[in-house]
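Asker: Using UniProt numbering, read the sequence shown as starting at 1 and increasing by one per residue.
One thing to keep in mind: the hints can contain errors.
What the hints assert, rightly or not - Below, a list of computed lysine to aspartate or glutamate pairs in the EDC-like style, where the Cα atoms sit at most 20 Å apart: (1) K165 x D118; (2) K195 x D102; (3) K184 x D102; (4) K2 x E98; (5) K206 x D110; (6) K2 x D104; (7) K69 x D104; (8) K192 x E176; (9) K2 x D76; (10) K69 x E48; (11) K206 x D104; (12) K2 x D33; (13) K2 x D102; (14) K166 x D110; (15) K195 x E208; (16) K50 x D33; (17) K69 x D33; (18) K184 x D104; (19) K40 x D76; (20) K50 x D61; (21) K2 x E208; (22) K51 x D62; (23) K192 x D110; (24) K192 x E98; (25) K215 x E203; (26) K195 x D113; (27) K160 x D113; (28) K165 x D113; (29) K215 x D197.
Stated by the list, open to error - Ranges of calculated distance between the beta carbons of each label pair, as one might list FRET restraints: (30) A99 x D147: 48 to 54 Å; (31) D104 x E151: 43 to 49 Å; (32) T89 x G56: 17 to 23 Å.
Hints were generated in silico from the structure; no laboratory data involved.
A virtual CB, placed ideally from N, CA and C, is assigned to each residue, including glycine.
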Amino acid sequence: MKVLLLGAPGAGKGTQAQFITAAFGIPQISTGDMLRAAIKAGTPLGLEAKKIIDEGGLVRDDIIIGMVKERIAQDDCKNGFLFDGFPRTLAQAEAMVEAGVDLDAVVEIDVPDSVIVDRMSGRRVHLASGRTYHIAYNPPKVEGKDDVTGEDLIQRDDDKEETVKKRLDVYHGQTEVLVGFYSKLTGEHAPKYIKVDGTQAVEAVKAEVLGALGK
Numbered sequence: 001m002k003v004l005l006l007g008a009p010g011a012g013k014g015t016q017a018q019f020i021t022a023a024f025g026i027p028q029i030s031t032g033d034m035l036r037a038a039i040k041a042g043t044p045l046g047l048e049a050k051k052i053i054d055e056g057g058l059v060r061d062d063i064i065i066g067m068v069k070e071r072i073a074q075d076d077c078k079n080g081f082l083f084d085g086f087p088r089t090l091a092q093a094e095a096m097v098e099a100g101v102d103l104d105a106v107v108e109i110d111v112p113d114s115v116i117v118d119r120m121s122g123r124r125v126h127l128a129s130g131r132t133y134h135i136a137y138n139p140p141k142v143e144g145k146d147d148v149t150g151e152d153l154i155q156r157d158d159d160k161e162e163t164v165k166k167r168l169d170v171y172h173g174q175t176e177v178l179v180g181f182y183s184k185l186t187g188e189h190a191p192k193y194i195k196v197d198g199t200q201a202v203e204a205v206k207a208e209v210l211g212a213l214g215k
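Please work from the sequences and hints to get the whole structure.
Answerer: Right, here's the structure in full:
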């Protein structure tokens, strides 16, 4: 099963990715992890990417796609893979199709911006343990304090409302076009397009996603 997971930051992709990879026995592939591994291994593409990063540039799509093709040729991808955070742009998606990297399914976790802002801006974290709370949905026993240690909880910069809104703007500007691209793709290489309401309970989203994927 070759799956691409789409959805705005905070839509719950990470949680559903764990369910999908476990159900199908496939690896989750993110371009960040892939880049780090290629650089560490000193592959030709990794060395080229390192040079660009060291110079403060953005790694070109042709290098990323070359790395993707190398990565999905590895043994652990023989049953498929799950793409997380790639492709990010229409140009990358088109280049993937041209490179013959086919997908079986594209899963979109659809959550309105207002819900995402509410979800993320309400998060509070105990840094030392990683315990996470939410001021509305999972509040600590004492406001602003960790249940176990009584130490202060913090709001990470990534979870601040203005930061969340900026990330959503980037998603809508760059990545949302992939929803239209994949939902309209036709022919023998077209993946099954699955759109799921991500405002449901986690287990309900899981059941709908895995059911649509045939599990």
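Asker: Next, verify each hint and record whether it holds.
Answerer: We went through each hint and held it up to the structure:
1. K165 x D118: holds (11 Å)
2. K195 x D102: Holds, at about 19 Å.
3. K184 x D102: holds (15 Å)
4. K2 x E98: holds (17 Å)
5. K206 x D110: holds (13 Å)
6. K2 x D104: holds (5 Å)
7. K69 x D104: With Cα atoms ~16 Å apart, K69 and D104 stay inside 20 Å; holds.
8. K192 x E176: It holds: about 17 Å lies between the C-alpha atoms, which stays within 20 Å.
9. K2 x D76: holds (12 Å)
10. K69 x E48: holds (16 Å)
11. K206 x D104: holds (18 Å)
12. K2 x D33: Distance ~18 Å between K2 and D33 Cα, so the pair holds.
13. K2 x D102: With Cα atoms ~8 Å apart, K2 and D102 stay inside 20 Å; holds.
14. K166 x D110: holds (18 Å)
15. K195 x E208: Holds. K195 to E208 sits at ~10 Å (cutoff 20 Å).
16. K50 x D33: holds (13 Å)
17. K69 x D33: Holds, at about 14 Å.
18. K184 x D104: holds (14 Å)
19. K40 x D76: holds (19 Å)
20. K50 x D61: Holds - the C-alpha atoms of D61 and K50 are around 14 Å apart, at most 20 Å.
21. K2 x E208: holds (17 Å)
22. K51 x D62: holds (15 Å)
23. K192 x D110: Holds. K192 to D110 sits at ~16 Å (cutoff 20 Å).
24. K192 x E98: The given pair, whose Cα atoms are some 18 Å apart, holds under the 20 Å limit.
25. K215 x E203: holds (14 Å)
26. K195 x D113: With a Cα-Cα distance of about 16 Å, the restraint between K195 and D113 holds, given a limit of 20 Å.
27. K160 x D113: Given that 20 Å is the threshold and the Cα spacing comes to 14 Å, the pair holds.
28. K165 x D113: holds (8 Å)
29. K215 x D197: This hinted pair holds, its Cα atoms lying about 18 Å apart.
30. A99 x D147: 48 to 54 Å: holds (49 Å)
31. D104 x E151: 43 to 49 Å: holds (46 Å)
32. T89 x G56: 17 to 23 Å: Since the Cβ atoms of T89 and G56 sit about 20 Å apart, the hinted range of 17 to 23 Å holds.
Hint compliance for this structure: no hint is broken.
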